[in-house]
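If you count the sequence shown from 1, position 192 lands on 191 in numbering that gives the first Met the number 0, and the numbers rise without skipping.
What the hints contain is simulated information worked out from the structure, not anything from laboratory work. Keep in mind that a hint or two might mislead.
[As the list claims (entries may be wrong)] Straight line, CA to CA, 20 Å or less: simulated EDC-like cross-link-like pairs of lysine to aspartate or glutamate:
| id | residue 1 | residue 2 |
| --- | --- | --- |
| 1 | Lys-170 | Glu-61 |
| 2 | Lys-138 | Glu-178 |
| 3 | Lys-74 | Glu-173 |
| 4 | Lys-170 | Asp-192 |
[To be verified] DEER-style ranges, computed between Cβ atoms:
| id | residue 1 | residue 2 | range |
| --- | --- | --- | --- |
| 5 | Gln-12 | Asp-192 | 18 to 26 Å |
| 6 | Phe-65 | Pro-152 | 25 to 33 Å |
| 7 | Ala-150 | Asp-192 | 36 to 44 Å |
Built from N, CA and C at the ideal position, the CB exists for glycine as well.
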Amino acid sequence: MPVRSWFATSIYQAPLRAAGSGRFNAELADECRRLRDYDAAGRRWSAKNYPGGYTSYASMSELHRFSSTFGGLEKNLLAHVRAFGRALDFDLRGRTVRMSDCWVNIMPPRVAHSLHLHPLSFVSGTYYVVTPRGCPGLKFEDPRLSRFMAAPPRTAAAGAANRAHVTYPAKAGEVILFESWLRHEVAANQSEDERISISFNFSWA
Numbered sequence: 000m001p002v003r004s005w006f007a008t009s010i011y012q013a014p015l016r017a018a019g020s021g022r023f024n025a026e027l028a029d030e031c032r033r034l035r036d037y038d039a040a041g042r043r044w045s046a047k048n049y050p051g052g053y054t055s056y057a058s059m060s061e062l063h064r065f066s067s068t069f070g071g072l073e074k075n076l077l078a079h080v081r082a083f084g085r086a087l088d089f090d091l092r093g094r095t096v097r098m099s100d101c102w103v104n105i106m107p108p109r110v111a112h113s114l115h116l117h118p119l120s121f122v123s124g125t126y127y128v129v130t131p132r133g134c135p136g137l138k139f140e141d142p143r144l145s146r147f148m149a150a151p152p153r154t155a156a157a158g159a160a161n162r163a164h165v166t167y168p169a170k171a172g173e174v175i176l177f178e179s180w181l182r183h184e185v186a187a188n189q190s191e192d193e194r195i196s197i198s199f200n201f202s203w204a
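All chains should be built: construct the whole structure from the sequences, respecting the hints.
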């Protein structure tokens, strides 16, 4: 075939554990809700920057350093990050890969998370703790979108690789990884219950 594809944008999705995530997620959900009750600074920041929701992003963003539950999450995630790095052909031999940031996001009904990226890291991701039926997934944007000069619209039957956006459904117990420069967002929560996730960044040295 004369057409070949280059410069792939890769996204990784897998269960965090082979089995037994139910009890672990119950512990995480309880700790996330208790953190929201405790974290007055985070609630104040969220009221201005994350209306209706709660995130510990600006107040307690290194939870893996202070909580054994989140520390356990870090250990589980590291194997996935290394697997993703191998798929991307990153040369991480002799290099230290570590979680640099880890924070909680709680999205009650109607709360959304606007388009953003994660600077100063190389792999970012989210782990789903509570995903009520009908809650939104994670929507990614084609990183070339701003350079589509004079491009015609895609057909309704365009293949997945040629679409400008892709959404990965939110599923409790699963982790999604992506390169930190890839912009993403979460649409408004249309379910009647809270969606709870944990976001994180990894760096290397």
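The hints, checked one at a time:
1. Lys-170 - Glu-61: Violated - the C-alpha atoms of Glu-61 and Lys-170 are around 24 Å apart, more than 20 Å.
2. Lys-138 - Glu-178: holds (14 Å)
3. Lys-74 - Glu-173: Cα-Cα ~15 Å, so holds.
4. Lys-170 - Asp-192: holds (14 Å)
5. Gln-12 - Asp-192: 18 to 26 Å: Roughly 23 Å apart at Cβ, these two residues keep to the hinted range, so it holds.
6. Phe-65 - Pro-152: 25 to 33 Å: violated (49 Å)
7. Ala-150 - Asp-192: 36 to 44 Å: holds (40 Å)
Of the hints listed earlier, those the structure fails to meet are numbers 1, 6, in rising order.
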